[in-house]
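Going down the list, the sequences are from chains G and P.
Residue numbering for the first sequence follows the working numbering, starting at 4 and increasing by one per position.
Residue numbering for the second sequence follows the working numbering, starting at 405 and increasing by one per position.
You may find that some hints are simply not true.
Stated by the list, open to error - Below, a sample of chain P positions facing chain G; criterion: calculated Cβ distance under 7 Å:
| hint | residue |
| --- | --- |
| 1 | Thr582 |
| 2 | Ile583 |
| 3 | Ile585 |
| 4 | Val598 |
| 5 | Gly603 |
| 6 | Gln645 |
| 7 | Leu752 |
| 8 | Phe814 |
| 9 | Ile858 |
What the hints assert, rightly or not - Listing some non-contacts, in silico: residues in chain G with all C-beta distances to chain P over 12 Å:
| hint | residue |
| --- | --- |
| 10 | Gly76 |
| 11 | Leu108 |
| 12 | Glu142 |
| 13 | Gly178 |
| 14 | Gly202 |
| 15 | Asp205 |
| 16 | Lys215 |
| 17 | Ala306 |
| 18 | Gly316 |
Just so you know, these hints were derived from the structure itself, not from any lab.
None of the values given here were measured: they were computed from a predicted structure.
Cβ coordinates follow ideal geometry from the N, Cα and C atoms, glycine included.
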Amino acid sequence: MLRRTLLASIGLAVVASFGIAAGAGAYPERPITIIVPWGAGGGTDATGRILASLMEKRLGVPVNVVNRTGGSGVVGHAAIANAKPDGYTIGVITVETGMMHWAGLTDIDYRSYTPLALYNEDPAGVQVRVDSPWNSIEEMLADIRANPPGTFKASGTGQGGIWHLALAGMLDAAGLESDRVTWVPSQGAAPGLQDLVAGGVDIVTSSVPEAKALIDAGKVKSLAVMAEARNPVFPEVPTLKEQGVDWTLGAWRGIAGPEGLPREVIDTLVPVLREIHESKEFRDFMAQRGFGVVWKGPQDFEAFMAERDAALGKVMKKLGLAKG
Amino acid sequence: MEPVFAAIALVLSPSTLLVVSAAGLFGLFVGAMPGLTATLATALLVPVTFFMDPVPALAAIVTTTAMAIFAGDLPGALLRIPGTPASAAYVEDAYRLTRKGQAERALGAGLVFSVIGGLVGSVILASTAPILAEFALRFSSFEYFWLALFGLSCAAFIATGSPLKGLVSLLLGLFIATIGIDITTGYPRFAFGVVELMGGVSFIPAMIGMFAVSEVLRWAIRRKRAMTPVQQHIGRIFRGQMANLRRYRTGLLRGSLLGTLIGVLPGAGADIAAWVTYALARRFSKEPEKFGTGHVEGIVQAGAANNASLGGAWIPALVFGIPGDSITAIVIGVLYMKGMNPGPTVMLDRPELLYAVFFTFFVANLFLLPLGWLAIKFYRRLLEVPRDLLMPFILLLCMVGAFAINNTVFGVGIMLVLGLLAFLMEESGFPIAPAILGIVLGPMIEQNFITSMIKADGDLLAFFERPIAAVLGVVTILVWGYAALRIFRPQPAAGGPKSEIGEGE
Chain G
4 MLRRTLLASI
14 GLAVVASFGI
24 AAGAGAYPER
34 PITIIVPWGA
44 GGGTDATGRI
54 LASLMEKRLG
64 VPVNVVNRTG
74 GSGVVGHAAI
84 ANAKPDGYTI
94 GVITVETGMM
104 HWAGLTDIDY
114 RSYTPLALYN
124 EDPAGVQVRV
134 DSPWNSIEEM
144 LADIRANPPG
154 TFKASGTGQG
164 GIWHLALAGM
174 LDAAGLESDR
184 VTWVPSQGAA
194 PGLQDLVAGG
204 VDIVTSSVPE
214 AKALIDAGKV
224 KSLAVMAEAR
234 NPVFPEVPTL
244 KEQGVDWTLG
254 AWRGIAGPEG
264 LPREVIDTLV
274 PVLREIHESK
284 EFRDFMAQRG
294 FGVVWKGPQD
304 FEAFMAERDA
314 ALGKVMKKLG
324 LAKG
Chain P
405 MEPVFAAIAL
415 VLSPSTLLVV
425 SAAGLFGLFV
435 GAMPGLTATL
445 ATALLVPVTF
455 FMDPVPALAA
465 IVTTTAMAIF
475 AGDLPGALLR
485 IPGTPASAAY
495 VEDAYRLTRK
505 GQAERALGAG
515 LVFSVIGGLV
525 GSVILASTAP
535 ILAEFALRFS
545 SFEYFWLALF
555 GLSCAAFIAT
565 GSPLKGLVSL
575 LLGLFIATIG
585 IDITTGYPRF
595 AFGVVELMGG
605 VSFIPAMIGM
615 FAVSEVLRWA
625 IRRKRAMTPV
635 QQHIGRIFRG
645 QMANLRRYRT
655 GLLRGSLLGT
665 LIGVLPGAGA
675 DIAAWVTYAL
685 ARRFSKEPEK
695 FGTGHVEGIV
705 QAGAANNASL
715 GGAWIPALVF
725 GIPGDSITAI
735 VIGVLYMKGM
745 NPGPTVMLDR
755 PELLYAVFFT
765 FFVANLFLLP
775 LGWLAIKFYR
785 RLLEVPRDLL
795 MPFILLLCMV
805 GAFAINNTVF
815 GVGIMLVLGL
825 LAFLMEESGF
835 PIAPAILGIV
845 LGPMIEQNFI
855 TSMIKADGDL
865 LAFFERPIAA
875 VLGVVTILVW
885 GYAALRIFRP
895 QPAAGGPKSE
905 IGEGE
């Protein structure tokens, strides 16, 4: 009995390895790991997990989410880029892909990945305390212009993080020095917003969904979003462009694998991701959390990352945050 | 009111109640094993909580710790070895009662008044945390800087036997906290180009190592024979407890309130609560000469105080993200993992989860009564569990936990290195609690200091400009003054806590 089972399994194994060698559409045949470079419970983690569960249904193999946090995203992004390019380790890459290498933290940039799909972008917003004298971007910028540099403080993420660049870019587009408002680094949008409520800073340039709880609690108001169009969840918040400042910036999230993923893997995963992206489950989830939904396939995603990489590099150099 | 009902429904769901029961048995077991502490029980629970929803995960921790603190009384009364440091204050009284053949009086008092103390702590937690959170919304980096510094100062200077050794331990913790990418300027420190180190020393593996691995090492070096209790039969434990309740009601209330308050103080936990309450109980007692000779009064008050402190410790943990003891230091890690970031906005973001935590405290303390009774009945069986099997199993759980947090072997490495470090420190008489608080609070102090300096354009006086910050600053400086006095003018050693304290056991 035992011998027969053993023989049978050896036989199966031989057949299976032939299958791989022949490459006859065998992918995926074992569990896939999705690396998320940010902590469990955050926005990137939440979107990564919903994608994983929907991929699992469609691919028929387990899809596990692994959080590799720390080092301002470097640890997780490096783990995705350095994974074996066999399609069994992919990950969620975020806007920091176009920032970390400019800051000199790592050599990894968008060229270290095989882009698969861009699925989310959240524009930056401009939040102030509810009792702030400013009711529009014009009023705020006029006040900033009228006072000496460093009078006002802003927060929302770490030094040189995406929301810091949002502020700097906005000031630059309005014809002011990009560091006229002092940046106060924080551990993320939530502590920055809390400091805003406590009176520690004057402005927080996080995304509007991140400020939702405090806006609902009547502690914070949003003056603008840095996007082409208003957010349907917050229709009363105008865009920066409407208020005469030509600047847009958002944080994006996409799925990618290490450089050099086989054609077969790309051809399997991209249609599945596209299908998920259009599914009701995914759309409902994103709408409920207030996350923006976009879609770009591999080529468009790559072009998008190249364009953003150059733009972010320009702002970071201007601010003195880029090395070399 | 709606989130309150949602919270009750979450806690009373069959799966949560099942988790509470299982965690209760686990906590009783760990607490009753001499040497295995409530903090260790919490550290071992962490990997299990990965697979749970937030409410069952937190319920498991709350229940385990409440049970473990009570269960520490069992070996204290029967073997004269406190199961956890929190039972050490009154072990003499409990053991002498047993020697007189009255083990049921000692254990009954321990159980009944643990439950009452726990309930008082729960009431205070549930009633003050939301108010405090509203107040804490006004805290900026200046206030947080002082608050974190105050916590560290208490831990290092007041809550330890030797302020100098406490300080060394604290500095070691602060050093570990500086490893990784600096959050304010994005500069990698002590990373040596290792990508894993850029993320810093993640503190759950560190905590598991320092509390659990060090204990396993200690066991491996000094193995003890199995022990048998002196009194074989335990009578009806609930008899006479009503009389105790009537007789010692003011002391009981004082013990519970004091215990909660000490729990709130960062760095001071259940063990200090028990010592301080025991000392006060003797001072206010009508018959102080009976203390230490098998008198139940101290057990009533200190037994209530150590359980009350558990609820108290959650107050600063939930409201400010500052742990009240080493158990809540681990809890903060679990809260972040579950997307329930501690801080004043926790009330706005997930009120139902917060109410569920409060409600769990009541449920856990009520469960303590029947489960504690069972533990007393079957205590002799518990002692028969061979340590040669138990300790390797604990090490295995540690490995799984340290690996699972980030799915890297690196976490296991951190755990082993820090476990060895903690073992060497404790063997040389250095308390490890200040090091733990250094790891947890170090980044908080540094970041709030730097952001405050940026806001104030480098003006140090700004730390005293906001009224709350000024008060906190003055209090912190007073603590330093007190510590300096103690370091430079050593006083004759007073009775009470020695080296192990400050551990929140």
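Going through the hints against the structure:
1. Thr582: Violated - the Cβ of threonine 582 (chain P) stays beyond 7 Å from chain G, reaching only about 14 Å at its closest.
2. Ile583: violated, 11 Å
3. Ile585: holds, 5 Å
4. Val598: This interface hint is violated because 10 Å lies over the 7 Å limit.
5. Gly603: holds, 2 Å
6. Gln645: Interface hint status for glutamine 645 (chain P): violated (44 Å vs cutoff 7 Å).
7. Leu752: holds, 5 Å
8. Phe814: violated, 10 Å
9. Ile858: holds, 5 Å
10. Gly76: violated, 9 Å
11. Leu108: Non-interface label on leucine 108 (chain G) violated, nearest chain P Cβ at 7 Å vs cutoff 12 Å.
12. Glu142: holds, 22 Å
13. Gly178: The assertion about glycine 178 (chain G) holds, with a minimum of 24 Å to chain P.
14. Gly202: violated, 6 Å
15. Asp205: The claim is violated: aspartate 205 (chain G) sits with its nearest Cβ about 10 Å from chain P, within 12 Å.
16. Lys215: violated, 10 Å
17. Ala306: holds, 28 Å
18. Gly316: holds, 16 Å
Consistency note: the structure conflicts with the earlier hints numbered 1, 2, 4, 6, 8, 10, 11, 14, 15 and 16.
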